[in-house]
Amino acid sequence: MGNIKQKDLILYSGLIILGLAAPYLFSAFKVQLTYLCVLIVLAMTWNLQGGEMGYNSFGNILFYGLGMYLTASVQVGMFFPLAEWTESGGEKTFVHTTAQYFQGIGVGLLVSAIVPAIVAGAIGYAILGLRGHYFAICTLGLGIAAGEIAGGIEIIGAGQGFTTPPFPAEIVDVEARGKFFYFLSFALLIGTFVFVKYIYGSRFRLILNAIRDNEDKAEAMGIQTMKYKIVGWMVSAFFCGLAGGIMGGLIGYIDSTDVAFDGREMGVFMVLMAILGGKGTLWGPVIGATLFHFFKEGLWTLILGWQYVALGVLIVVIVVYFPEGLMGWLREKYPERFGEVIDDKDRKAQVELK
Amino acid sequence: MDFLIFKAPMLMVQASLDGILLGILFALIAYGMALQWGVMNIINIAQGDLVILGGYIAYTMYLAGIHPAWGVIVSPIIMYFVGWALYKLVINKVVDRDLFISILATFGIAIVFQQLMNFIFGADVVVAQSEYGTTMLFDNSVTLPNSKIFSAFISVLYAVALVVYMKKSRLGRAIRATAQNARAAKILGVDTEKVYAATFGINAALCGIAGALISITLTLHPYVGLPYTVRSFMIVIVAGLGNLPAVALSGMGLGLFEEFADYILGTEFRIGAVFMLLVFILVYRRFKLSKKREYLK
Chain D
36 MGNIKQKDLI
46 LYSGLIILGL
56 AAPYLFSAFK
66 VQLTYLCVLI
76 VLAMTWNLQG
86 GEMGYNSFGN
96 ILFYGLGMYL
106 TASVQVGMFF
116 PLAEWTESGG
126 EKTFVHTTAQ
136 YFQGIGVGLL
146 VSAIVPAIVA
156 GAIGYAILGL
166 RGHYFAICTL
176 GLGIAAGEIA
186 GGIEIIGAGQ
196 GFTTPPFPAE
206 IVDVEARGKF
216 FYFLSFALLI
226 GTFVFVKYIY
236 GSRFRLILNA
246 IRDNEDKAEA
256 MGIQTMKYKI
266 VGWMVSAFFC
276 GLAGGIMGGL
286 IGYIDSTDVA
296 FDGREMGVFM
306 VLMAILGGKG
316 TLWGPVIGAT
326 LFHFFKEGLW
336 TLILGWQYVA
346 LGVLIVVIVV
356 YFPEGLMGWL
366 REKYPERFGE
376 VIDDKDRKAQ
386 VELK
Chain E
315 MDFLIFKAPM
325 LMVQASLDGI
335 LLGILFALIA
345 YGMALQWGVM
355 NIINIAQGDL
365 VILGGYIAYT
375 MYLAGIHPAW
385 GVIVSPIIMY
395 FVGWALYKLV
405 INKVVDRDLF
415 ISILATFGIA
425 IVFQQLMNFI
435 FGADVVVAQS
445 EYGTTMLFDN
455 SVTLPNSKIF
465 SAFISVLYAV
475 ALVVYMKKSR
485 LGRAIRATAQ
495 NARAAKILGV
505 DTEKVYAATF
515 GINAALCGIA
525 GALISITLTL
535 HPYVGLPYTV
545 RSFMIVIVAG
555 LGNLPAVALS
565 GMGLGLFEEF
575 ADYILGTEFR
585 IGAVFMLLVF
595 ILVYRRFKLS
605 KKREYLK
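Heads up: the sequence lines are chains D and E, in that order. With this note's numbering applied, the first sequence corresponds to residues 36 to 389, in that order. With this note's numbering applied, the second sequence corresponds to residues 315 to 611, in that order.
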């Protein structure tokens, strides 16, 4: 990474310092900050295939929920019988020691990253062959089906939900739990950002863009589109699974349709955030997620009860009036900043038209 | 495997009859979806929520002391204007754009509708009592609510009326012309904007009829709209656009599938089974289509 410009270096180090200092500066908002990190991760990975590849998925929530259930199941299942845990429903018949808790969550997160990626790879060949709106509806169906099916499986709590292991009681510091999950999610955010930025500078991104712009032509040029589409989806699934695992631990309670496979909230949020910021840009999803989160946290309490109406209206307004998003709008306004060169002749022609 | 349904043949008859009657209702909703998809190239995720809204109109009449069956006349009239207003507000801005835009925009509309219905009618599961009684068949071993027979009959009646209307009337011909080629229709003097608004209104009216029938045969709840959208989407994919007998047949097929899934997998997996069927149908279709692709080896 020797080619980072000095300006960028200042920006990145500033953001990292801000991120590290945030839980101490805004001590009361640690949970919100953790949410923000997870939302940015979800928006960035959605953008990787929704924006770059042109495959608008409503179903990334599938990997998020899968990661959530897997982390919790592994964390419990490593030390105690899983069925009895869920049956007792949150009652403390089994207690994790500190070491067990962290071992469990570590292994759980590892599993929740790998398994969703494998699942994405396995179903990718069948699902990614669908084009356009068929893909969108199919993934929508997948996400909801997963929620409905998880709600019927006894061993992970069925309709009653699944209580994730409580944070070890031996750690008496009350702030520790919030900090632990914040830094976990912040590390995930940095990991995701570095990886996505790496992809943005690679040939892989060009191939994804070629698939978005014209898949048949890309194939005719000798690109094995299916291979790249599957890899793109697996990357999304990998990070979505991790994000889900962290959120499961933070929330402490997993419900099949309201928390894990929450297509009505998270599933829509990630699409909305990416579109709000600007599809197909590196910073768009980051800005979109941050704006959205501030808007949500600021207004949600003011319009209590009406928040979903506001969300629906917001979706319609953004989609109908700002389909290019914030970055798209800026790009149109200041093309030079995005490294686009416009001939003087074109500029004059445009001025004359006005 | 000891499933109850395979031991008792009468249960099989029961499930089949239930499925077919239910499927006719699904086909009516799917017909509306095929209409707007074919004419305007829009996939309406809010379709199911329009259905539920239509159902709540009939339910409101029931609360006011009017027999809910009158809903099949009142509900489509109100829903026509709801659909028309929806077109003027949002849909006319997404007609010419990417299909994904229409999916997302109608998804937003669906969320708004769900919440508003939740505010107005409450989050309880409700049903309007038609008090039509039941018909007993085969020595009382198969029970068939008369409301289900009534709903299937009304669905068929409306579907036939709409087909005739599309064939004979001036607006119907304009709609069909627009579906074939919007630009040519425009050149020949068809006001396509009006046609689109009418199409969306007719679709909403069909949803209103279906909703009123659902209010007396099944149950209503503000958040059960999406399964109806998915069901009608499935039926349209399987049957194709503008093929009414196929829509009716695949609607019945879906009804049968659901009733049997209900008995075999259990009621808690019913909606899950519907969504999995959607995935399977799409994937099957993708492999069937990919065989047709031609390339040089």
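Derived from the structure by calculation, the hints contain no laboratory data. Mixed in with the good hints there might be a few duds.
Cut-off 27 Å, straight-line C-alpha distance, at most; resulting in silico cross-link-like pairs (DSS-like, lysine-lysine) [to be verified]:
hint	chain 1	residue 1	chain 2	residue 2
1	E	Lys-605	D	Lys-262
2	E	Lys-602	E	Lys-482
3	E	Lys-407	D	Lys-368
4	E	Lys-508	E	Lys-481
5	E	Lys-602	E	Lys-500
6	E	Lys-500	E	Lys-481
7	D	Lys-252	E	Lys-481
8	D	Lys-232	D	Lys-368
9	E	Lys-508	E	Lys-402
10	D	Lys-232	D	Lys-262
11	D	Lys-42	D	Lys-252
12	D	Lys-262	E	Lys-606
13	E	Lys-605	E	Lys-500
14	D	Lys-40	D	Lys-262
15	D	Lys-252	E	Lys-500
16	D	Lys-252	D	Lys-262
17	D	Lys-262	D	Lys-42
18	D	Lys-252	E	Lys-602
19	D	Lys-262	E	Lys-508
Taking beta-carbon pairs under 10 Å as the criterion, some of the chain E residues facing chain D (in silico) [as the list claims (entries may be wrong)]:
hint	residue
20	Val-396
21	Ala-399
22	Leu-403
23	Asp-412
24	Asn-432
25	Phe-547
26	Ile-551
27	Val-552
28	Leu-555
29	Tyr-577
Cβ-Cβ distance ranges computed for the label pairs, FRET-style [stated by the list, open to error]:
hint	chain 1	residue 1	chain 2	residue 2	range
30	D	Arg-166	E	Phe-571	55 to 61 Å
31	D	Leu-241	E	Phe-571	39 to 45 Å
32	D	Glu-300	E	Phe-571	25 to 31 Å
33	E	Phe-433	D	Asp-293	17 to 23 Å
34	D	Trp-335	E	Lys-500	43 to 49 Å
35	D	Phe-357	E	Thr-449	54 to 60 Å
36	D	Val-266	E	Thr-449	38 to 44 Å
37	D	Lys-42	E	Phe-571	58 to 64 Å
38	D	Leu-241	E	Tyr-537	51 to 57 Å
39	D	Ala-118	E	Phe-452	53 to 59 Å
40	D	Tyr-59	E	Tyr-537	53 to 59 Å
Just so we're clear, the structure is a prediction, and the values are computed from it rather than from any experiment. All C-beta atoms, glycine included, are put in the ideal place defined by N, C-alpha and C.
The hints, checked one at a time:
A C-alpha spacing of about 18 Å is found between E/Lys-605 and D/Lys-262, which places the hinted pair at or below 27 Å, so the restraint holds. The straight-line distance between the Cα atoms of E/Lys-602 and E/Lys-482 is roughly 37 Å, outside the 27 Å bound, and the hint therefore fails. Pair hint E/Lys-407 plus D/Lys-368 holds up; C-alpha atoms about 23 Å apart against a cutoff of 27 Å. Restraint check for E/Lys-508 and E/Lys-481: satisfied, since their Cα atoms lie roughly 18 Å apart, inside the 27 Å limit.
With a C-alpha separation of about 36 Å, the suggested pairing of E/Lys-602 with E/Lys-500 is violated against the 27 Å cut-off. Between E/Lys-500 and E/Lys-481 the alpha-carbon distance is near 19 Å, which keeps this suggested pair within the 27 Å criterion. Using a Cα cut-off of 27 Å, the hinted pair D/Lys-252 and E/Lys-481 is violated, with the two alpha carbons roughly 41 Å apart. For a cut-off of 27 Å, the pair hint linking D/Lys-232 to D/Lys-368 stands: about 24 Å separates their Cα positions.
In summary, the hint linking E/Lys-508 to E/Lys-402 is supported, as the alpha carbons are separated by about 10 Å, within the 27 Å threshold. Restraint check for D/Lys-232 and D/Lys-262: the C-alpha separation of about 21 Å stays at or below 27 Å, so the hint holds. Distance restraint check for D/Lys-42 and D/Lys-252: the Cα-Cα separation of roughly 38 Å exceeds the 27 Å cut-off, and the hinted pair is therefore not satisfied. As the CA atoms of D/Lys-262 and E/Lys-606 are separated by approximately 21 Å, the hinted pair is consistent with the 27 Å bound.
Straight-line distance between C-alpha atoms of E/Lys-605 and E/Lys-500 comes to about 38 Å, which puts the hinted pair past the 27 Å bound. A C-alpha spacing of about 33 Å is found between D/Lys-40 and D/Lys-262, which places the hinted pair above 27 Å, so the restraint is violated. For the hint linking D/Lys-252 to E/Lys-500, the alpha-carbon distance of about 33 Å lies beyond 27 Å, and the restraint is violated. This hinted pair checks out: D/Lys-252 and D/Lys-262 have alpha carbons roughly 16 Å apart, not beyond 27 Å.
Our distance criterion of 27 Å between C-alpha atoms is broken by D/Lys-262 and D/Lys-42, whose separation comes to about 36 Å. With a C-alpha separation of about 22 Å, the suggested pairing of D/Lys-252 with E/Lys-602 holds against the 27 Å cut-off. Our distance criterion of 27 Å between C-alpha atoms is broken by D/Lys-262 and E/Lys-508, whose separation comes to about 46 Å. Annotation: interface hint on E/Val-396 violated; nearest CB of chain D at approximately 16 Å, more than 10 Å.
Interface restraint check: E/Ala-399 against chain D, minimum CB-CB distance 14 Å, threshold 10 Å, status violated. A least Cβ separation of about 9 Å between E/Leu-403 and chain D falls short of the 10 Å threshold, and the interface hint therefore holds. Taking 10 Å as the C-beta cut-off, the interface hint given for E/Asp-412 holds, the closest approach to chain D being about 8 Å. With 10 Å as the threshold, the beta carbon of E/Asn-432 comes within range of chain D, its nearest partner Cβ sitting at about 8 Å, so the hint holds.
Here the hint on E/Phe-547 is kept, as its CB sits about 6 Å from the closest CB of chain D, short of 10 Å. The criterion of a C-beta within 10 Å of any C-beta in chain D is met by E/Ile-551, whose closest approach is roughly 8 Å, and the hint holds. For E/Val-552, the interface hint is violated, since its Cβ never comes within 10 Å of a Cβ in chain D; the closest pair sits about 13 Å apart. The interface hint given for E/Leu-555 is broken, as the beta carbon of that residue sits about 14 Å from the closest beta carbon of chain D, more than 10 Å.
At its closest, the beta carbon of E/Tyr-577 sits 15 Å from a beta carbon of chain D; the interface hint therefore is violated under the 10 Å criterion. Taken as a hint, the range 55 to 61 Å is violated for the pair D/Arg-166 and E/Phe-571, whose Cβ atoms sit roughly 26 Å apart. The hint said 39 to 45 Å for the Cβ distance between D/Leu-241 and E/Phe-571, and at roughly 44 Å that hint holds. Restraint check, D/Glu-300 to E/Phe-571: a C-beta distance of roughly 30 Å satisfies the suggested window 25 to 31 Å.
A hinted range of 17 to 23 Å holds for the C-beta pair E/Phe-433 and D/Asp-293, which are about 19 Å apart. Between D/Trp-335 and E/Lys-500 the beta carbon distance is about 45 Å. The supplied range of 43 to 49 Å therefore holds. For D/Phe-357 paired with E/Thr-449, a C-beta distance near 56 Å keeps the hint of 54 to 60 Å intact. A hinted range of 38 to 44 Å is violated for the C-beta pair D/Val-266 and E/Thr-449, which are about 58 Å apart.
Hint check: D/Lys-42 to E/Phe-571, Cβ distance near 60 Å, so the stated range 58 to 64 Å holds. At roughly 43 Å, the beta carbons of D/Leu-241 and E/Tyr-537 sit outside the given window of 51 to 57 Å. The hinted range of 53 to 59 Å is not satisfied by D/Ala-118 and E/Phe-452, whose Cβ atoms lie roughly 43 Å apart. Restraint check, D/Tyr-59 to E/Tyr-537: a C-beta distance of roughly 41 Å breaks the suggested window 53 to 59 Å.
Of the numbered hints stated above, those contradicted by the structure are hints 2, 5, 7, 11, 13, 14, 15, 17, 19, 20, 21, 27, 28, 29, 30, 36, 38, 39, 40, listed in ascending order.
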